[in-house]
Amino acid sequence: MDDKRILGYAPLRMTSTEFLQQLINGLSLGAFYALIALGYTMVYGVLRFINFAHGDVFMIGAFCGYYLSPRLLPHFTGWMTPLGPISVLVLTMLICALLGIAIEKIAYRPLRSRPKLTVLITAIGVSLFLEYGGQFVFGADPKSFPELMPDRPLEGTGALTITTIQLAAFIVTISLLVALTFIVKRTRLGMAMRALSNNATAAALMGVNIDTVVSFTFGLGSALAGAGGILFALSYPSIDPLMGLLPGIKAFVAAVLGGIGNIPGAAVGGIVLGVVETFVGGSAFSTYRDAIAFALLIIILLFRPTGIFGRAQIEKV
Amino acid sequence: MNPLTRYIVVSFLFATAGLLAFPANAQDIVVGEFASLTGSEATFGVNSSNGVELAKEEINNAGGLLGGRKIKIIMEDDQSKPGQPSAAVKKLIANDKAVAIVGEIASSRSLEAAPICQEAKIPMVSPGSTNPSVTEKGDYIFRVCFIDPFQGTVMAKFALDNLHTKKVAILQDVKSDYSKGLAQFFKEYFTSHGGQIVIDRSYTGGGTDKDFRAQLTAIKAAQPEAIFVPGYYTEAGLIAKQARSLGIKVPLLGGDGWDSPKLTEIGGSALDGCYFSTHFSVQDKNPKVQDFVKKYQGKFHALPDGMAPLGYDAMTILAQAINTAGSTDGTKIRDALTNVKDYPGVTGNITIDEKRNATKSAVVLQVKANRANFVASVPP
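One line per chain: the protein sequences are H and B, in this order.
Per the numbering used here, the first sequence starts with residue 1, numbered consecutively.
Per the numbering used here, the second sequence starts with residue 318, numbered consecutively.
Be aware that one or more of the hints could be misleading.
Simulated crosslink set (SDA-like; lysine to any residue; CA at most 20 Å straight-line) [said to hold, decoys possible]:
| # | chain 1 | residue 1 | chain 2 | residue 2 |
| --- | --- | --- | --- | --- |
| 1 | B | Lys484 | B | Gly564 |
| 2 | B | Lys398 | B | Pro432 |
| 3 | H | Lys143 | B | Pro432 |
| 4 | B | Lys566 | H | Pro150 |
| 5 | B | Lys685 | B | Asp601 |
| 6 | H | Lys143 | B | Asp394 |
| 7 | B | Lys566 | H | Lys143 |
| 8 | B | Lys602 | B | Ser694 |
| 9 | B | Lys484 | H | Ala284 |
| 10 | B | Lys398 | H | Leu246 |
| 11 | H | Lys143 | H | Tyr67 |
Derived from the structure by calculation, the hints contain no laboratory data.
Produce the entire structure from the sequences given, and follow the hints as far as they go.
Here you go:
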């Protein structure tokens, strides 16, 4: 490909190195969207409602990391050093899981038999509560997130750069995705989730404890959001209480794009959104990045209203 | 608690509440201020209002204005968000009866409040909004800082003459009038003096965008010798970090939007060797500056950034104008403000020109090991 570029003339032209680099950038951005989208999609699969507070659980995850790191990391020295960030990640996922379960118990469960719209509005209320409660507790100014691991480019990738954090984020995302698929497909609770998703009444008649399964679903989704929050804050180390808003909306779109309720769909939707955004952002149309990315999504949904993986008869989680 | 103590406590509470609700002595001169005390540009608001506070205290301790009347500042936080400044200024003028307003640092937010002040004929002095259109909103709108055609030119000149760069990339914040203005004036000077803008990309600031790798990858492919990033510190720190991790080694250049202790807190060593233009340097040997730094440190236990002395200068110039006007009438204060000449401020000698802008010099600082070191001073 031509290495010379002329501004405004061929705004979409790029070299192959640049193309691959943008692909890497897009994949690593998409991995975050995928992690958050999984939570949206699981809750939708089980309860048929959108948990708008999900993006804010993601924000709480980032703040957990912010407050836990200085307290936990000094205890891990020598050969144990790599365990420090992992313990922060695990503890954050645990806290977020508990938060998710609590939100469901307090705010959503009492409304379960009410119209879906009531729960939806409540979810928006919970979201605003977490955002502005967060401003009150953490302060509204952006905070710089501690460096949990050295951020440097990997060796031997030639002209391309992949940083250690990007790689770590990708590995964690993939492992969580595999673990999630395993839980849903291979465990009894996973089977109960699928049963509930298929037909809640029938599942209850077969002895599935709906409350437990719903709590489990919320816990699992929120743990993923917490992990997403930590990884996001590692990559973009400026965190504030409103940071969950935009990634939350984008992940929601990613979930719809992939076919809401479908786990691989959410992952693919996130990746597609990340890659599209990155390519538009790198082009001369960078000003219209979100507009173009979302216009593309609308077009995809016009042709496939159920999303990429959505079918009339799909196995929902 | 027996009924009597309860009665006393309750009446005491009401009395305190009453005091809080009407604390202003009728003699006090009320000056309204709106600033970003929280949100993505929080250090701007906090530091400039610290400067205002310091000035107010000095003036009041020295006997106040207009023969012994004290200044009372009423502060509104606009949370670094659009929409908030207009509500804040309406409240300050209508409810608090402010005789003058100290404006914002961020141009977009000063631009929002300016028409309201203009219509109410209440003079507004912005400490640090550098976009030219701010004072074009009307003849009641002033500023005590230089404007972007000058600041953009300073950085373009610096890139050409001091850094000897000919090919520069621009990465601007489309959400900010300040950033767009600075980019435009930089480009105009740079290209008309033999330089070339090899690529121009944009992002959305105010905490919206956090991933700049897409734009930076495109910028890297264009092989510039420097990158001009006329945004605010939160994004500049992240941009520097991501640029370095993508293997971009050329220096980043910025404007006074970078001038915040948070810049290096976020960007860290990625910013080493980068330059930005601003209003003032704590390393300036001028006794006026050193005196200010000492007083500021004594009160706030931190080094001032460029926004603090601007707040200080805005308040002292406003106070002087009120005294010269001999009245708290908005029109008279405005007339006095238009006549400010060679006022010895902390940020340099300030003369208000016919467009209600201040003409004065800029400084260029270089970031090194989390500190901003003085490199050059550029006269107007």
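Against the structure, the hints come out as follows:
no.: 1; hint: B:Lys484 x B:Gly564; result: holds (18 Å)
no.: 2; hint: B:Lys398 x B:Pro432; result: holds (18 Å)
no.: 3; hint: H:Lys143 x B:Pro432; result: violated (33 Å)
no.: 4; hint: B:Lys566 x H:Pro150; result: holds (19 Å)
no.: 5; hint: B:Lys685 x B:Asp601; result: holds (17 Å)
no.: 6; hint: H:Lys143 x B:Asp394; result: holds (19 Å)
no.: 7; hint: B:Lys566 x H:Lys143; result: violated (26 Å)
no.: 8; hint: B:Lys602 x B:Ser694; result: holds (12 Å)
no.: 9; hint: B:Lys484 x H:Ala284; result: holds (18 Å)
no.: 10; hint: B:Lys398 x H:Leu246; result: holds (15 Å)
no.: 11; hint: H:Lys143 x H:Tyr67; result: holds (11 Å)
This entry does not satisfy hints 3, 7, going by the numbered hints stated previously.
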